[in-house]
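First to last, the sequence lines map onto chains A and B.
If you read the first sequence in the working numbering, its first letter stands for residue 9, the second for the next number, and so on.
If you read the second sequence in the working numbering, its first letter stands for residue 35, the second for the next number, and so on.
Honestly, I wouldn't trust all of these hints.
Here are the simulated lysine to aspartate or glutamate pairs, DMTMM-like style, with alpha carbons at most 25 Å apart [to be verified]:
{"hint": "1", "chain 1": "B", "residue 1": "313", "chain 2": "A", "residue 2": "355"}
{"hint": "2", "chain 1": "B", "residue 1": "313", "chain 2": "A", "residue 2": "354"}
{"hint": "3", "chain 1": "B", "residue 1": "257", "chain 2": "A", "residue 2": "117"}
{"hint": "4", "chain 1": "B", "residue 1": "313", "chain 2": "A", "residue 2": "389"}
Because the hints were derived from the structure by calculation, they are not lab data.
Keep in mind the model is a prediction, meaning the values are calculated, not measured.
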Amino acid sequence: MFPGEIHALLGENGAGKSTLVSIAAGRLVADSGEILRGGSQASYRNARDARHAGLVLVPQHDLLIGAASVADNLAFLDPAAPFFESAAARRARVGRLAQAFGLELGDADARADALPVGTRQRIEIAGALAGDPDVLILDEPTAVLSPDETAALFASLRKRADAGAAVVLITHRLAEVFAGADRLTLLARGRSVKTCRVSETTPQEIGGLLLTNTEGEKNFLEGVWGARALDSRADTPGGRSQTHSSEHAAQSAATQPLPSLVLTGFAPDEARAVRAERISLSLLPGEILVLLAIDGNGADTIARAIAGLERFSGRVEVGGVPLPLSGDPLAFRAAGGAFVPADRREEGLVAALSLSENLALPNPPGSVFLDRPAMRAHAEERLRAFGVRYASPAALAGSLSGGNQQKTVLARELAHRPGVLVAVHPTRGLDLASAAAVRSRILDACRSGTAALAVTADPDEAQLFGAPLRVVYRGRLSAALEPTTPPAALGRLMAGLEG
Amino acid sequence: MSGFLAVTLLLAAPLLLAAAGELLLERAGSIQIGLEGTMLIGAFTAFAAARSGVGPHSALLAAAFAGLLAGAAFAVFAVAGRADPILVGTAWNLVAAGGTAFSYRLLAGATGSVLEVRTLPPLAFGLPAAVLAAFFVPVVVDVFLARTRPGLALVAAGENPLALAATGGSVVAVRTAASVAAGALGALGGALLVLTVSPTFVEGVTAGRGFLALALVVFARWKPLRLVPGALLVAGATALQYRLQAGGSRIPYAVFLALPGLLALFALAAARGRGGSPKALGTPAP
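This is chain B alone, in the form it adopts within the complex:
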């Protein structure tokens, strides 16, 4: 059973990182539905860095840096440019999926052989430090939002942007900073997939985890600490799915694959409505 628990924690960490970043961005009033794409960019960057010969920790850092740039790029269009964030996010997913697949082929050639990379070394309980650290991220985000001055400015940008502008803040600056942070955290989540779960890159390696992270933010009612039980629930379902598949059941494996998604769907339906969502979510900066 400890194996099941370790796998659950391992699978929950990327979701938590990506969801915590998205939560920050949404509390600031913007929304990036291209989180899946950001995770893919992180996963590919970590893979490419690791293949170039640097260690797994440097690969993780490289992914975080790519995420910063990705977050800044999103902010240029959706925050400063005031384009509809849903459209930008949709395009983002398509471009990231195509771009990483294309880059992977450039890197790997058309050999079809699996290229492995070195994974992060375990620190405790057989889990790497980055996975364990991921569970503290929601706590940090919570303290930031609740107790610090920039945290208040961020919440104001998402609830009442006019008030932030009236008190001398810049809604564009706050949302851009949140987007950069969300990009870094999303890319780190994607990188963890390559550097822990499966030590290689395949097209669409994120397998919908970005969308699950988006759903987690709603499930958590935009409260950082509530991301933890949500992520554990979805990760637990995924771990269970691996077990059931390995157990040689007669049920088609596609049913098991759908299990975490179905669970997220039911959890969202049970949580009902959009209560707790930031008032100015998705609206352009004044």
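The shape of chain A in the complex, shown without the other chains:
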């Protein structure tokens, strides 16, 4: 690491990126080895020591006090804040930091938990920059940001680097690395595989290295990778799904299958606040629709309302069965619906139950006592079919990595060949290999007749489904877009600059 550079840290989930930076910031203790800074030993006993020495880490988890205002949160994050501080002084800090780093921090008096996730992220970064750190480490800061927000973030990081700081950035997005970083280091299974200047390599080379250092599913992934950044073809593991959906259209003309999902004049109750339009659409068996939106624009709410987790008005039919307006997830499931929630740890799985118990939900076998042997056999069969890496069906769901947890959720949700699959951010936070595997499971299900509605905030991700897209902005849906629409155009629609 050198002063004045932005250094990207890449690698799959579990490669050791977060662990490495946690050790550097004094939050974990190294088993061996040493850290040098400016030529001298620099292992910090705790995060406080590291901050005093000018090394600040912005972790993946939330750093804000939800119930406190923006002004109070920045006072909390600013290491130079005085013991006693007036409300006016705290408000002044918000304006000062916003100006100094070119970050839009919102209303100083707004409660942090009422703010969109992008603004929250900027507040955390402004708080980290407030102490003028010499070393700034950001762990996946862009996972939830829109393209414009990401560009603004890189601009403020560049400013800090130009002032002599070293910036470390963990990310899964190669495009960002090549647009904004100076050097990169690739980690795999805890080892450094490659370190070089960004100008000396290509996305193709790094992408290839990322995948060859990932266990399994290699060949198939190379296909996906080829589609992702290098060609702008909308290719998917199973082949071209444009043809896939048009095949279906031809099929439907011939056999007239009933639509799997029909929305008529539909609007989630929560969306009324943003005066959302009523939505009418239908999906035939095997059809996919991708909703693309920055968090907070109501795409998640639409998905949750269809799955019976929010109240709505209008009409939702799954497999021809109308669902109750008050929201009834059991009615949704009984009609043949399956749901993959955004938060797999909290909502998708019961972390404290075993894999076989999770897979047996919601209707475990057995009349009075659970039929454990049947649960175990079912779990082994499902986990194998979905390529989950696990120690035993008795292992706790919470012990799996993010990618394996998501595959487990899909293994359960797709077990009964659902008519409709609603998936919210199905690949968020997953590395390339896991994301591709999750996507291919969804596409497989669609090939055997499941209609799917997927929500994502990542334009690249949205294109990889190779299916029609609709951008959601403030609760309104755009017209259906081709999967080949350039990401820049999608970004403008997502930000409400067009359409």
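Given chain A's structure and the hints, the job is docking chain B onto it.
Frame of chain A, contents of chain B only:
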């Protein structure tokens, strides 16, 4: 009527002190449901100190010191030891009730005679300085939480402990400090009962005031300044209850005794829900 007002203020002060301390602890993310026990410890310590011959102000200080130790002891189990605070608090109440009753008998013997102590001298409006000062405690707590750096760290410990740890703070240290402060304030509240309201100690002298203080924190939605109207309401009901009992009504006195509790119950029901509670309330430190 001025007599009624003075009694209301006198009765509100112990509640305010105990509730303000509990509020600090809960905003830091821990919870001590053994507040009744802490008040009993304070009441007994003040009584024992006063019986040993020191003045009422020294007795008050002795109680505060006992409260500091009690708060530290609670933190050893429930904060640093990460035991379930509800279980620790329940045991705390039982141990404090039994322990103070036992100690009182050691001190007083089995005579059954009432042992009186000197009460705090009045400063203004017929009320002692400590009672008047109690009404400023919520203000101090409010300014501390809203305007100071340690106050922000305390709020972070209760809302997002991971954030506090990530920014170099110690959740255990912050919650321990809050527990020590809550212990001192709870014990001071208990001591005021002995040194103002009734100048003696009897078993269970706190008579559920610790639980009323716990309810007050919820009623105040964890906002210090809102403790004042809540405490005045409950204390006013208690003062009214004394009047009605003294008035020789035919209604059984137990009904009047239940009045403040009933009032607190209705106030809580009207306030509805747990909105405003610290997000990490009752969770162990990371």
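Here is what the structure says about each hint:
| no. | hint | verdict |
| --- | --- | --- |
| 1 | B:313 to A:355 | holds (18 Å) |
| 2 | B:313 to A:354 | holds (16 Å) |
| 3 | B:257 to A:117 | holds (17 Å) |
| 4 | B:313 to A:389 | violated (40 Å) |
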